[in-house]
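Asks: Sequence:
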Amino acid sequence: MGAKKEITDLVKAVKNGDEKAFRALYELQVEGLKIFINGFTKDSSQTDDILQDTFIKLWDSRKKIDPRYSIKGYLYTAAYNTYIDKYRKMKREQVVLEEWRYKRILETIQEDDAVNRERVKQVKVAIEKLPPKCKKIFNMCKYDNMKYVEIAESLNISTKTVHAQMCKAYSIIKKDVKFNKTNLLLFVNFFKGIRESF
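Basically the numbering used here = 1-based index in the sequence shown + 1168.
Careful, some of the hints might be misleading.
[Said to hold, decoys possible] Label-pair restraints from in silico Cβ distances:
no., residue 1, residue 2, range
1, Lys1225, Lys1328, 14 to 20 Å
2, Lys1343, Arg1236, 33 to 39 Å
3, Lys1301, Lys1343, 46 to 52 Å
4, Lys1232, Lys1303, 40 to 46 Å
5, Tyr1338, Lys1225, 25 to 31 Å
6, Thr1245, Cys1335, 23 to 29 Å
7, Lys1188, Val1317, 39 to 45 Å
8, Ser1212, Thr1327, 37 to 43 Å
9, Asn1307, Lys1232, 26 to 32 Å
Just so you know, these hints were derived from the structure itself, not from any lab. Ideal placement from N, C-alpha and C gives every residue a C-beta, glycine not left out.
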């Protein structure tokens, strides 16, 4: 509760033009937001570009911010929209593939960040049940943070094959875990790097 109040107070101060509060809010939010952005860009330069634009947008529109609502939700929505505006044409296939996941992230972003270990394990079990080739490609993309073209070159297959296997993986996992809001948040957090839960 104390942390939430601290963030709310910072947002109120930012709304009033307090640059020191803005820097403090930046420090609190930047790491999680960076992980979120990198989850769909898979490119450090694009991630940094979107990250910068997102916080610039926050400062420029600070007077319109409502402290009653989640600043995290605002930032994540702004970041994803920036990605769509800037890079969707360049990476249309990957965006279409993952769009269902990120739309729902935005719906659940105000949920509590605590993760139930048992629920997270459900996701891991679903991944382990993927067909071998599908699981290998999925792990290369999500664990090793490899781009589709890099996976294709490494396995001597086409990017279309990588795309098809990723679609298959998402479909199987989504069906197997039977996402509700809680499970979906866990799935998102799983790819934000919480492998220590296992």
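Asks: All hints, please: hold or fail.
Replies: Now the hints, each set against the structure:
1. Taking the beta carbon of each, Lys1225 and Lys1328 are about 35 Å apart, not inside 14 to 20 Å as hinted.
2. Judged by the Cβ atoms, the range 33 to 39 Å given for Lys1343 and Arg1236 holds: they are separated by roughly 37 Å.
3. Between Lys1301 and Lys1343, the C-beta spacing of about 18 Å breaks the proposed range 46 to 52 Å.
4. Between Lys1232 and Lys1303 the beta carbons are some 45 Å apart, a value that agrees with the proposed interval 40 to 46 Å.
5. Range check, Tyr1338 to Lys1225: Cβ separation about 29 Å, and the 25 to 31 Å hint holds.
6. Between Thr1245 and Cys1335 the Cβ separation comes to about 25 Å, which falls inside the hinted range of 23 to 29 Å.
7. In this structure, Lys1188 and Val1317 meet the distance hint of 39 to 45 Å, their C-beta atoms being roughly 43 Å apart.
8. Checking the proposed 37 to 43 Å range against Ser1212 and Thr1327 shows it is violated: the Cβ atoms sit about 20 Å from each other.
9. A hinted range of 26 to 32 Å is violated for the C-beta pair Asn1307 and Lys1232, which are about 42 Å apart.
The structure does not agree with the numbered hints 1, 3, 8, 9 stated previously, though it agrees with the rest.
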